[in-house]
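Asks: Same order as they appear, the protein sequences are chains A and B. Take any residue in the first sequence, count from 1 to its spot, add 68: that is its number in our numbering. Take any residue in the second sequence, count from 1 to its spot, add 126: that is its number in our numbering.
Just to be clear, a hint being listed does not mean it is correct.
[Stated by the list, open to error] Sample of chain A residues facing chain B (criterion: CB under 7 Å; computed from the structure):
| id | residue |
| --- | --- |
| 1 | G264 |
| 2 | K350 |
| 3 | A384 |
| 4 | G388 |
| 5 | M404 |
| 6 | Y405 |
| 7 | Q406 |
| 8 | L428 |
| 9 | S429 |
| 10 | A430 |
[What the hints assert, rightly or not] Taking lysine-lysine pairs in the DSS-like style, the calculated list, with each CA pair at most 27 Å apart, reads:
| id | chain 1 | residue 1 | chain 2 | residue 2 |
| --- | --- | --- | --- | --- |
| 11 | B | K179 | A | K298 |
| 12 | A | K524 | A | K322 |
| 13 | B | K571 | B | K537 |
| 14 | B | K519 | B | K587 |
| 15 | B | K509 | B | K487 |
| 16 | B | K154 | A | K298 |
| 17 | A | K100 | A | K280 |
| 18 | A | K298 | B | K519 |
| 19 | A | K365 | A | K438 |
[To be verified] If you want the footprint, here are the derived chain B segments under chain A, 3+ residues with CB under 8 Å:
| id | region |
| --- | --- |
| 20 | 211 to 222 |
| 21 | 331 to 341 |
To be clear, the hints were calculated from the coordinates, so they are not data collected in a lab. Since the model is a prediction, treat every value here as computed from it, not as a measurement. Every residue gets a Cβ at the ideal spot worked out from N, C-alpha and C, and that includes glycine.
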Amino acid sequence: MSIKDIHESVLQGSVSVTERVRQALVAIKENKHLNAFTQIYAEEALQQAESLDQKITGKQKVGKLAGIIFAIKDNINIKNHRTTCASKILNNFVAPFDATVIERLKAQDAIFIGKTNMDEFAMGSSSENSFYGPVKNPVDSERVAGGSSGGSAVAVAIGACDAALGSETGGSIRQPASFTGLLGLKPTYGRVSRYGLVAYASSLDQIGPFAKTPEDLAYILQVIAGLDPKDSTSADEPVPDYPALIDKPIKGMKIGLPQEYFAEGLDPEIKQSVLSLADQLKAAGAEVQTVSLPMTKYAIAAYYIIATAEASSNLARYDGVRYGYRAAHAEDLNEMYQNTRSEGFGEEVKRRILLGTYVLSAGYYDAYYKKAMQVRRLIQNEMMDALKEFDALITPTTPTTAFKLGEKIEDPLTMYLMDIYTVTANLAGICALNVPAGQHSNGLPFGLQIMSGAFKEEILFRLARQIMQLK
Amino acid sequence: MEYEAVIGLEVHTQLLTETKIFCGCSTKFGAEPNSQTCPVCLGMPGTLPVLNKKVVEYAVLLGLATHSQIRRNNRFARKNYFYPDLPKGYQISQFEEPICENGYVEIETDNGKKRIGLIRIHMEEDAGKSVHNEDYVGENETLIDLNRCGTPLLEIVSEPDLRSPAEAVAYLSKLRQLVRYLGISDGNMEEGSFRCDANISVRPKGQREFGTRTELKNMNSFSHVQKALEFEIERQINLLKNGQKVEQETLLWDVQKNEARPMRGKEESHDYRYFPEPDLVPVSIDMPWFEAIRSTLPELPDEKSARFKEQYELPDYDIAILTESRDMADYFEQVAEYFKNYKMISNWVLGEVSRVLNETKISIRDFPVSAQRLSELLTAIEKKIISTSAAKKVFDYLLKNDHTVDQAIDKLGLKQISDSSAIETFVEQIIRENPSEVEAYRNGKTKVIGFLVGQVMRVSKGKANPQVVNRLLRKKLEE
């Protein structure tokens, strides 16, 4: 059932909101071992559900998300609730304000069932780098759920919520969506306000939804998108009626298959499925051609320089002075900083802060950060050119299906390569989504990525819908 | 060997915007610690800065007033360092692309006018305050007040064009006058809204290369700047004379001991890791906006003094004081609208008015005798309704009473007596009472007339018209 259908049946009284929340809480309880949540707001959600049920019975006006249950990644602020970023350093931090996306969801009567587990400060591709332990894949609990928004993906997959919000910096929504068989959207940079999202890499971060259908993504994006005076980087672009546009036929749409995304390292079954789906789109009336994006090979390097540089600065505020964890013992101020940050941050976060500090240092700035920004510009240009020619690009989302817990955690470089197909969209600031593409012979799901130009989310939804119908 | 000093100044001036540079908090000075803060200026997780456009406008105004080139596309940068009063762990500033470059300020020196070049003016946020030395702070304690955090600043960096402490002070005064004229800063050094660091070196006169420089901080008034620079120049010259070298270091001015001492080493060598601020989009100043800002540019000190010279034909000394502040100049000009003896106005403003301002420490804006009332008072003197000495009494009365000049004269009974018959009575009385002076006058010592006029004025309680007194006295004495 789509979110819209759920909302309507709740309005008609065929199902109560309270009953839906109870079912969600049961799903959470049954799947506790997957470690998808950092916080569960059972009582509050039930109270809110009861009050909504009363309103509905009393024929009072309710928002367009009344009856819909959300899980929220634990790096997005909900006022008076903890925002931990799955880090020891923020374990006790209570957010003093709502993120803009939360305000917008609240205004439509969405219910928040809890906060989801993630890689600490969204740094990771497996949701193993968490102070609260790793998130596990619902299909095979020996395997990762992907990351960094792994908890949000699992929450939707197990029925703990109807949809979830995650955040992306280099693929943190699309990759776990691919590993758990869901849809996940990374909106265009500036489409959704970042106010209230704890920053990892400000020029790349973007909040986006996980859901089970493209219609649901469209429905949610409609609510959360749009200019926010509190975020200067949010775009003053009109928000189209995404749900109304999703049925438009794809006939005549021009689709590019970038050859660099089908090269060495890609699982042959995934490759086969993605290409076969492309063929089917062609049969359905789209024009499909291969295209070359040679700058792709520099994307991972540029991404890890820019993202870590920004992170090293964004995470400087966690110093133990005003909030969050403070080391118990320190002789002086510098030792307080050192002990707090050494004890409060996990290994991967420390690795990235060090890397980012290094690339911004005097004498290295030009060789690393500046060069990476130039490469980013070239990648953007190449992407813009390709998206002038094509309405969309289709690629695999990940080179493999979900890997085993612990398999890559000791090998950061291999882990970083899990983002190889996704980081380009973040660097270019365009929109992209993951749509389930099939089931591997190993039993695990995998996804197909669609990328389109800035503020062309509508094209992603239409193609995703077509692909869902083809399968 | 003769040495000369080479000085460049870095000035930070707090802007008089209602709200902070990146959030809506008030910038008022002196509020309860940490009461003017919000999640944004506290650097809470998830917050983002939003630029206060007024800051750009104020920067453009100062750029125009200092003949600077103004950048159309502005970017901010992050300056990264750890300090407890810097909640984000970085300061949002400008780095490679400051809003103003290549300007200058003209100062008066003993050798005439001199242009002091400005390398740059850029926008940034202020940090909070670490409080150690107050009675309410414990021994091993540091308290943090973040009210100031996010207050907008302009940093103004001069070329090393200054050659003496006197030039440095003249430059600072001129810069402060400019920011006050523009109404963008109150320029208060003691309260810290106008702060100055100096880069200073010495070299043998005639040598082109600069010597090794030191940086001097913590000078909280014009006189500290003067003293600190004098101290440091002497110190450096003595080192060189003794064949020693100047170390490149940062020194703090110690007000109590009147000496500059080195700052601890680790606080000096910072790598600030500047990079473009990704949370703010570039600010472009388009022509309509630029023109709108330019149209608010007031008449500046140099233009104003030129006009005062032309329009009011006053001495340079008078003009310098009258145009020191916009408010003072405005007061003068408001009086001048009603009263046309400009030198007389100037004498009063520089005399009585300034005396009261100094004594009471009030600003001319709040001066109890309005410009129009002062013009009425001066008119009364000119029309000989009251004498100058009586006018001073009226003036003192008007400081405390909201009365018209006529009411005050009546109240004080100071109306001048010009009626000959009334004055004649006083004159006769004085002649009677001072036979020896009368004798002396008649013997040719005509100077005693001054004494006799004074006596008449005294018995008339200052009300007699002195010219009539003079005429009648001479007439009687020569009878």
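Asks: Can you confirm whether the C-alpha distance between K524 (chain A) and K322 (chain A) stays at or below 27 Å?
Replies: Cα-Cα ~14 Å, so holds.
Asks: K365 (chain A) and K438 (chain A) were given as a pair; does the straight-line alpha-carbon distance stay at or below 27 Å?
Replies: Holds, at roughly 18 Å.
Asks: Given a cut of 7 Å on the nearest C-beta pair, is the interface hint for Q406 (chain A) held or broken against chain B?
Replies: 10 Å, violated
Asks: Next item in the hint list is M404 (chain A). Is there a CB on chain B closer than 7 Å to its CB?
Replies: 9 Å, violated
Asks: Take the region 211 to 222 of chain B, compare each residue's beta carbon with every beta carbon of chain A, and decide whether three or more fall closer than 8 Å.
Replies: Since three or more residues must qualify, the claim that chain A covers the region 211 to 222 of chain B holds, with 4 doing so at under 8 Å.
Asks: Quick check on the hint: L428 (chain A) CB to chain B CB, less than 7 Å?
Replies: Result: holds, 4 Å to nearest chain B Cβ.
Asks: For the restraint on A430 (chain A), tell me whether the closest CB of chain B is nearer than 7 Å.
Replies: 5 Å, holds
Asks: Holds or violated: is the Cβ of S429 (chain A) closer than 7 Å to a Cβ in chain B?
Replies: 6 Å, holds
Asks: Regarding the pair K519 (chain B) and K587 (chain B), is the alpha-carbon distance no greater than 27 Å?
Replies: 12 Å, holds
Asks: Hey, does the A384 (chain A) contact hint survive, CB to chain B under 7 Å?
Replies: Check passed: Cβ of A384 (chain A) comes within 2 Å of chain B, closer than 7 Å.
Asks: Just to be careful: measuring from the Cβ of K350 (chain A) to every Cβ in chain B, is the smallest value less than 7 Å?
Replies: 40 Å, violated
Asks: Given the hint that K179 (chain B) pairs with K298 (chain A), test it: the Cα-Cα distance must not exceed 27 Å.
Replies: Satisfied, since the Cα-Cα distance of roughly 14 Å is no more than 27 Å.
Going down the numbered hints, you'll see the structure goes against 2, 4, 5, 7, 13, 15, 18 and 21, while the others check out.
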